[in-house]
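Asks: Which chain is which? The protein sequence lines are P and C, in order. Counting in our numbering, the first sequence runs from 25 upward without gaps. Counting in our numbering, the second sequence runs from 339 upward without gaps.
Careful: at least some of the hints might be erroneous.
[What the hints assert, rightly or not] Computed far set for chain P versus chain C, every beta-carbon distance over 10 Å: (1) Asp62; (2) Glu68; (3) Asn85; (4) Gly99; (5) Met111; (6) Glu130; (7) Leu173; (8) Lys183; (9) Leu195; (10) Asp205; (11) Ala242; (12) Thr243; (13) Tyr254.
[As the list claims (entries may be wrong)] To be clear about the criterion: a stretch of chain P counts as covered by chain C if any three or more of its residues have a C-beta under 8 Å from a C-beta of chain C, and this derived list gives those stretches: (14) 137-149; (15) 210-221.
Since the hints were derived computationally from the structure, they do not count as laboratory data. These numbers were taken from a predicted model, which means no experiment stands behind them. We put the beta carbon where it would ideally sit given N, CA and C, even for glycine.
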Amino acid sequence: MNIAEKKMEMTRQLHQHEYVCRGTFQRTGALSYIGHLDLKAVFERALRRTDLPMLYSQGFNPRPMIVFALPLGVGINTEGDYIDVSMEVPVEPDEFISKVNDKLPEGLKIISAVSIDEPKNSLMSVVSIAEYRIDAPGISEYLEKIFSLDKIETTKKSKGKEVSVDIKPLLISITDISEPDSAKYLCYAGSTQNLRPDVLLKAMTEILGYDKELAANATITRLKLYGGKYPDLASIEGLL
Amino acid sequence: MHTEVKVPHSVLMGVESPGRYVGGEQNQIINEDVIKQLRETGSCSQVRTVLCFPDVYEIGMSNLAMQILYKILNNPEWSSCERSFSPWLDMDKVMREKKIPLYSLETRSPLNEFDIVAFSMGYEMCFTNVLQMLELGGIPLLAKDRKDEDPIVVGGGPITCNSEPMADFFDAFYLGEGEEVDLEFTELVKKYKDSGKKDRKAFLREAAKIEGVYVPSLYTPKFENNKFVGYDIEDGAPAKIKKRIIKDLDKVDYPTEPVVPNINVIHNRAYLELFRGCIRGCRFCQAGFICRPVREKDYKTLCDQGMQIMRNTGYDELGILSLSTSDYTGLVPMTDVLLEDFDKNHQSLSLPSLRIDNFALDLMEKASSTRKSGLTFAPEAGTQRLRDVINKGICEEDIMNALHLAFKGGWTTVKLYFMLGLPTETMEDVEGIANLAIKIEQLYYDTMREIGMKPRKPEITVSTSMFIPKPFTPFQWENQNTEEEFKTKQQHLRDMIRKHRSIRYIWHDVKTSCWEGILARGDRRLGQVILEGYKNGSIFDAWDDYFDYDMWMGLLESHGLSWELYTQNYSEEDVLPWDNMNLGVTRAFLLREKHNAYEEKVTPNCREQCSACGANCYKAGICP
Chain P
25 MNIAEKKMEM TRQLHQHEYV CRGTFQRTGA LSYIGHLDLK AVFERALRRT DLPMLYSQGF
85 NPRPMIVFAL PLGVGINTEG DYIDVSMEVP VEPDEFISKV NDKLPEGLKI ISAVSIDEPK
145 NSLMSVVSIA EYRIDAPGIS EYLEKIFSLD KIETTKKSKG KEVSVDIKPL LISITDISEP
205 DSAKYLCYAG STQNLRPDVL LKAMTEILGY DKELAANATI TRLKLYGGKY PDLASIEGLL
Chain C
339 MHTEVKVPHS VLMGVESPGR YVGGEQNQII NEDVIKQLRE TGSCSQVRTV LCFPDVYEIG
399 MSNLAMQILY KILNNPEWSS CERSFSPWLD MDKVMREKKI PLYSLETRSP LNEFDIVAFS
459 MGYEMCFTNV LQMLELGGIP LLAKDRKDED PIVVGGGPIT CNSEPMADFF DAFYLGEGEE
519 VDLEFTELVK KYKDSGKKDR KAFLREAAKI EGVYVPSLYT PKFENNKFVG YDIEDGAPAK
579 IKKRIIKDLD KVDYPTEPVV PNINVIHNRA YLELFRGCIR GCRFCQAGFI CRPVREKDYK
639 TLCDQGMQIM RNTGYDELGI LSLSTSDYTG LVPMTDVLLE DFDKNHQSLS LPSLRIDNFA
699 LDLMEKASST RKSGLTFAPE AGTQRLRDVI NKGICEEDIM NALHLAFKGG WTTVKLYFML
759 GLPTETMEDV EGIANLAIKI EQLYYDTMRE IGMKPRKPEI TVSTSMFIPK PFTPFQWENQ
819 NTEEEFKTKQ QHLRDMIRKH RSIRYIWHDV KTSCWEGILA RGDRRLGQVI LEGYKNGSIF
879 DAWDDYFDYD MWMGLLESHG LSWELYTQNY SEEDVLPWDN MNLGVTRAFL LREKHNAYEE
939 KVTPNCREQC SACGANCYKA GICP
């Protein structure tokens, strides 16, 4: 095939009807210690081990077409992140769940899925809010304290430089502090505004004097991602 | 006693690539029965081996030997095998500070809990990392200090054809291919374990009777006038250790369900091994002699295994592995079958070590969905005279004809590999390297004119490495070039190539090769030097940034040794430290080949004519 033919083929493929399986997945244990690109590769290989009819990207290195809702940082567990896998033909959610789970390494699991015919919005664009849980000694007290501040000045790395930021506007609400060592909260998430939980923990150590070693050993879990505008949270499965 | 090593979250979050230290990969083997017994009683009935790779995870997990032995040692129900890798400098530091022992990835057991600690050693520069892993694993560094209940420390891999520099630290070495000897040794350890591990020395004496097992403590080296003169061998130990090989590679277990790393490793692909050995006999190449005889796998076996591996791993690329892909007799039918299957599944085939000709170009085009990648040639020497000296069966005409075809076919990137410091090399030979690259540059423009194409800028890369004389090659008696000689030659090439803008010259650090030259032909006195170097903080010597040449030279001197002693002083009459090893190829053959080299006489390859190298003692493969 010459280059012109290849280009035509690529264009044809782009307009091909796309059936998407949108899976909700969990990640724990060893798999939590890998980065976003590695996680993507782990899913790609697992999918290749199945006989599912994935759509492949065109070009020199064809890969299964998959999209994540929001990158998951190294060391962070999840109980509800989303992945879109494009298929050539419709695949039933149950078939998708069982076939992929059969091939995923321990620590990664699809817990539910929906099938979508020609999604209109990209998965990444619909995410706006995340709920996190931090497990660490005495964390609930500190979360309550930090939410009560008017301004939360801290620094974060941006393009290699330390820049000062106020993260207060990124926090939404506390959802559960009934246990002293386990706290849940909502914050903004996504490509436009996003609060990483490690930045919040850092602010707790800097401003409120929360123990650094405890903060460094905190278990962070992303509980769920939502779309919509607070307080009208929308389920990602429903945002097609 | 069994402890499960817990690495705090904060430690993992504080180091580069924590995925190196957590395991949990697809196809990793966790023996639930072993875990159950360990938790209940603190020990288990199985022989437990931890396979150690003395470099970072990303390199170790790209190593086929690790995958092969992992599988083999997990096959019998009485044996269980786990993995461990060198922690990188950041992790090494915290592990020492926080007293976290080095552990296996599967059950998180400290290394000193295992019955066998087995190192796979592919290159000399990993030696200090062996000591790092032993120390972090809580195992006495010196074999003589180990007690009955301590793990048995064994080593395998190409370096064992002269393991003397590391002999102080190992209880035993395996010589040759590991698939069978590993299991025989492990079975003996099972008996030792069952009888309550009472007499380590007696166990080792017994182990020395297994063919292919070298127990260095039974061989005491003798030195006279600062020169090695032979061994005092304990009664019962063999005078010569004979290399083990697998006669029929179709019948031996191959890992079609290899462990698939979760992080990006050096070679992130599946592997298929075509054959062992090499018919060529390039006189500088240790692998070409120590891996004899050539034994091919049937192409049907390979097709089955290749397809299975891809299904079981989900990789998008299968890498073909051998010393010289083009010499595989089943290459055409094998690639036909595999390519047809891969095409359906969006997978590709990577074919390194191809001798470039019309057929190869065609194959490369079919094999890879990727853009026309670079063409690689390894002429190794710049003039025909020197290529005859090293028995490199490639001539300038072949290269030019192949490149003429390649340039016509649209290739523009060429990589050329050479060695500096080969025996009999003169400045004319060094200049030959630059001249060849310049001719290729000219050939590109001529070819473009011939076919009426507008030339782009070709990319021609010339890369030189330093020749290191290695044991069991016809050049094992040769002198190595000095640091100065190497540097002069590199500089001369840089000057010659500088003006040519489409030629890029890549040269390597001279000092690393000088140290490697010492270790390659070293004797047991180097053990103390390696130990002290390690105590001074040297690890990851293979990584130029962390290699301290001056420190090593200072240590050598303080032990009354020198660079000259190990790289300039061998004569044909000498007893060599590796003379107690039998790799099939005979000393007489190597000597013949040395003399052929000096007479610039080419030796036919194994398929053309048998040169009576001695490897036919194995009655296997290609040998008559």
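Asks: If I take the minimum Cβ distance from Met111/P to any residue of chain C, is it greater than 10 Å?
Replies: Consistent with the label, Met111/P stays out of reach of chain C, its closest Cβ about 14 Å off (over 10 Å).
Asks: Are all beta-carbon distances from Thr243/P to chain C longer than 10 Å?
Replies: It is violated; Thr243/P is separated from chain C by about 7 Å at its closest Cβ, not greater than 10 Å.
Asks: Using Cβ atoms and 10 Å as the threshold, tell me whether Asp62/P really stays out of contact range of chain C.
Replies: 5 Å, violated
Asks: Checking a non-interface call: every C-beta of chain C should be farther than 10 Å from the C-beta of Leu173/P. Is that right?
Replies: 25 Å, holds
Asks: Can you confirm whether chain C covers the region 137-149 of chain P, using C-beta to C-beta distances below 8 Å and requiring at least three such residues?
Replies: violated (count 0)
Asks: Could you let me know if the closest chain C CB is still more than 10 Å away from the CB of Glu68/P?
Replies: 7 Å, violated
Asks: Please check whether the region 210-221 of chain P has three or more residues whose CB lies within less than 8 Å of a CB on chain C.
Replies: violated (count 0)
Asks: Could you let me know if the closest chain C CB is still more than 10 Å away from the CB of Tyr254/P?
Replies: 30 Å, holds
Asks: Is the Cβ of Ala242/P farther than 10 Å from every Cβ of chain C?
Replies: 8 Å, violated
Asks: Check the non-interface label on Asn85/P: least C-beta distance to chain C beyond 10 Å or not.
Replies: 7 Å, violated
Asks: Minimum Cβ separation between Leu195/P and chain C greater than 10 Å?
Replies: 23 Å, holds
Asks: Beyond 10 Å from every Cβ of chain C: is that where the Cβ of Gly99/P lies?
Replies: 5 Å, violated
When the structure is compared with the earlier hints, violations turn up for hints 1, 2, 3, 4, 6, 11, 12, 14 and 15 and for no others.
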